[in-house]
Amino acid sequence: GEDVEQSLFLSVREGDSSVINCTYTDSSSTYLYWYKQEPGAGLQLLTYIFSNMDMKQDQRLTVLLNKKDKHLSLRIADTQTGDSAIYFCAETDTGGFKTIFGAGTRLFVKA
Amino acid sequence: KAGVTQTPRYLIKTRGQQVTLSCSPISGHRSVSWYQQTPGQGLQFLFEYFSETQRNKGNFPGRFSGRQFSNSRSEMNVSTLELGDSALYLCASSPLGGVPGNTEAFFGQGTRLTVV
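Those protein sequence lines, which keep their order, are chains A and B. Position 70 of the first sequence, counting from 1, maps to 70 under my numbering, and the rest follow consecutively. Position 114 of the second sequence, counting from 1, maps to 114 under my numbering, and the rest follow consecutively.
Since the hints were made in silico from the structure, they are not lab data. You can take every hint at face value.
Pulled a few chain B residues facing chain A out of the computed Cβ check, cut under 7 Å:
| hint | residue |
| --- | --- |
| 1 | Leu43 |
| 2 | Leu90 |
| 3 | Gly108 |
Listed next, the stretches of chain A that the computed footprint assigns to chain B, with coverage defined by at least 3 CB atoms under 8 Å from CB atoms of chain B:
| hint | stretch |
| --- | --- |
| 4 | 39-45 |
| 5 | 101-107 |
Computed from a predicted model, the values in this text were never measured in an experiment. Ideal placement from N, C-alpha and C gives every residue a C-beta, glycine not left out.
So that you can see chain A by itself, here it is in the shape it has in the complex (with noise of 0.2 Å):
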């Protein structure tokens, strides 16, 4: 069946670069997914991906898809506290209607 995996925790220092990576299993993906999930709320949608594409760029965040090893990252760069939440990588299935997520990824900011 359909999995999202991603690894658990991430620490960086303020303004470093954070990558936070993805694999995901059903080959068949169209739209992949970053959500940020920030204390005590829902989730927000951060940038998407369509599978026919390697990258995408949007200010600060840097989408990178590598579909042959079904890998995706997220790159932050210059990252700030604010910054800190858990991401989640999501993938949908062909039809669109059930997305499936990864556990997220906690990313830690030091000041």
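Got chain A; can you put chain B on it based on the hints?
Quick look at chain B alone, frame taken from chain A:
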């Protein structure tokens, strides 16, 4: 415009009871999806409703059910509660669901259910 509203925000129930959670989507959104979030399992898809019909369902037992009303508001019901049902239940709304509608999915703050 108002975001996705989930009520109640917090709930404590005892084993064996049943519970109903509510989700009001963003005005104009017709798709509502429900997720269970636990520290160990992450975010698990429960089901998705569109125009009062369940379109997709995750791998949860029949104790978990839902419905959607004509105004797109959705309820989720869990019967015969177990300790393991303690979780944050999130709902997400989007205009149409599906692709590319999922790119416009907005999440509520969730209902934290504690079963004792």
